Amino acid sequence: MTRSAKKSAQVSSDTPAPRKPGASREATLNHALDGRGTPRMALSDSRALAREAYERLELPSWRRSGFWTTSLESLDLDAQQTREHEPDSARPAILADAPCAGVLVQRDASVVHVELSDELAERGVIFCSLDDAARDHQQLFERYYLRRLLIDRHKLEAASAAFWSGGAFLYVPPDLHVSEPFQIVYEISEGLTAQYAHTLAIGDRGSDIRLREYAISGETEGQSLHARQFELYLEDNARCRLAQLTDWNGGAVHDVSTSVVEVARDAYCHWLPALLGGALVHHHDEIVVAGPGGDMAFRGLFFSERDEHLDVFAVDLHETGPSGGDVHWRGAATGQSRASFEGLIKINEGAQQSHTYLQFHSMLLSREAELDAIPSVLVGADDVSASHGGTVGELDELLIFYMQSRGLSRPQAVRVIVEGFFEPLIVQLDDPHLEALIRERIGNKLHAAAEDIERYALAR
Amino acid sequence: MAELQIRNLHVRTDDREILRGVDLTVRTGELHALLGPNGSGKSTLANTIMGHPSYEVTEGQILLDGEELNELEPHERAKLGLFLAFQYPVAVPGVSVANFLRMAINAQRDEPIKVKEFGVQLDRAVNLLDVDRAFTSRHLNDGFSGGEKKRAEILQMAMLGPQIAVLDETDSGLDVDALRTVAEGVAKLHAEQGIGALIITHYQRILDYVKPEFVHVMLDGRVVLNGGPELVQRIEREGYDPIREEVGASV
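Protein chains in written order, with the numbering used here: chain B, 11 to 470; chain D, 12 to 262.
Hints were generated in silico from the structure; no laboratory data involved. Computed from a prediction, not measured in an experiment: that's the story for all the values here. Glycine included, every Cβ here is placed at the ideal spot set by N, Cα and C. One or more hints might be untrue.
[Said to hold, decoys possible] From the derived model, a few chain B residues whose C-beta atoms are all more than 12 Å from chain D:
(1) 55
(2) 59
(3) 89
(4) 251
(5) 259
(6) 275
(7) 410
(8) 411
(9) 414
(10) 415
(11) 426
(12) 466
(13) 467
[To be verified] Computed footprint of chain B on chain D, listed as stretches where at least three residues anywhere in the stretch have a Cβ under 8 Å from a Cβ of chain B:
(14) 82–89
(15) 94–101
(16) 207–218
(17) 239–251
[Claimed, not checked] Distance ranges between label pairs, derived from CB positions:
(18) D/125 - B/81: 53 to 59 Å
(19) D/153 - B/58: 54 to 60 Å
(20) B/232 - D/130: 50 to 56 Å
(21) D/145 - B/96: 25 to 31 Å
(22) D/27 - B/71: 51 to 57 Å
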């Protein structure tokens, strides 16, 4: 199912029309941010603009070609509360034993824990709440804040830009290499909570960092809302390994978030979102190669279960060439869950010698689950290569028999298959703590879905 | 000492009867060869012994030490000491040979095998099969050549130490060197660990290196002739047609 760039280039005449804010219902594809950002202005002004958009817009629905709808219409915004918390000196359990260059934890609406070693602070690293950064590092803040993000495409984006509190800010000065990861944790502590979150991270020229962002909760009851904006800017020659883990642990969390990563001249980013659950998750993740020589590896994995609804829009945008890209996602679905992965490669006019590839592999583990993949390629330059491919998989009975013949029980064999399916991505994290965490969580989900998986296997 | 007994085994798949009353007994320490032309039911027998879900036993019994296996899951048969070397080994993506072996060994034990003990066993098996230790870090059968896959099968057999192994056309698709390594590996496991083996083949090449004491000929879903090594030479010389004619009257 690989298509050549030339063939797909025909699609590029179909430039998205400017959208009326809030009118998200359309029969076409999602729209990339496509380089757009919000003009530089004072924080109070952008909040006011976002607030105005929030008042004006309806709760969003994303509709596509009649067979897919992600609708937030069932979200009761009025029932959501913003909850404040006192500082907490303890690290969250999810970071137990994890190496940390710094830790920042936001519980509901409050940043409750910030750690940064004196040594890194002395060398110029800034790691603090975004509130503090807006006040104490105003120049840096205003230079980058919302540079690649919009605030009025839909009501929840506007809400996030208008109402975020706490937030996380990371600045790593030129040429500083930090091998241990900076860890940012967003927690929702109970149901009926609105969490508006914002991460702004900058790797200055020649810096080399690892960044982890967790969006998690315990088991909660009642709807909650997590609306987050994430922006990472990697200046010339900077490198970053970024991983984001989302796991709302079966809670009725509605997570509508946008992440954008900008890769400047000769910079590199390895980015892996791991989406491990949430009642309704709509993530728009966009990586922009903005400078010549920029390169990136964009990996992602998801596992949906029960009646979860997951909608991922992953964009690989090349603004200049030469540039490189490699997008590789894998997803599995159990229960009655529905998951959609839409992947877009876009190579702008003039971005000559851009080379990129998009692949998506899926594995369906239940008769009632649904998994869609929609890859597209828009190419505006002629000296480029861009293509996509993928596989659709189910449990291979012959493989199960093979493993059973070696003494593994059927559930063990299924687990090996699904873990093996994700393993090519997990090992790339090069982070034993996070790798173990993701393997364990996927293992637990498989265990919980074992009967369902078995029924599906027998029915085929 | 274990005894695998096949009694009057009838097997069907997709409405077609493939085995029509097979009788065969293999004991620990014995080397058996099962010969027969394509389509005679050899692979069906191998898969049925191991409990492949696509094959339905309609009559007869598979017994290990008198205990009927017919209703047991494949992994339960493995735990009782049966092993099947696949004709077409299946790739296990994302799982290294070593990790898979550890899982398989631990599946048969109450306590997980100690790292050191596993390492010693693995070294021994790796030497036996003349493969590089680096081979065991590769994902099992994923991108393996035909020869590598067959070596990996015998490597697993060496590590799991079954009572009785069924080798389903382990010699097919191998060049002479690979064939010799694999066959000598089997012979050595037989000599050293006393493994009983049923070697299924439709060439006779493997039998240049492994010398079976018992030879059986399968035609049209039945074992029609039992004998010793002399049967191998006869088939080499005459093919199956004279045997078919001979037994035709009695079938």
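task = Quick one: which hint numbers does this structure break? Sort them smallest to largest.
result = Going through the list in order, the structure violates hints 7, 8, 9, 10, 11, 13, 16, 17, 21 and respects the others.
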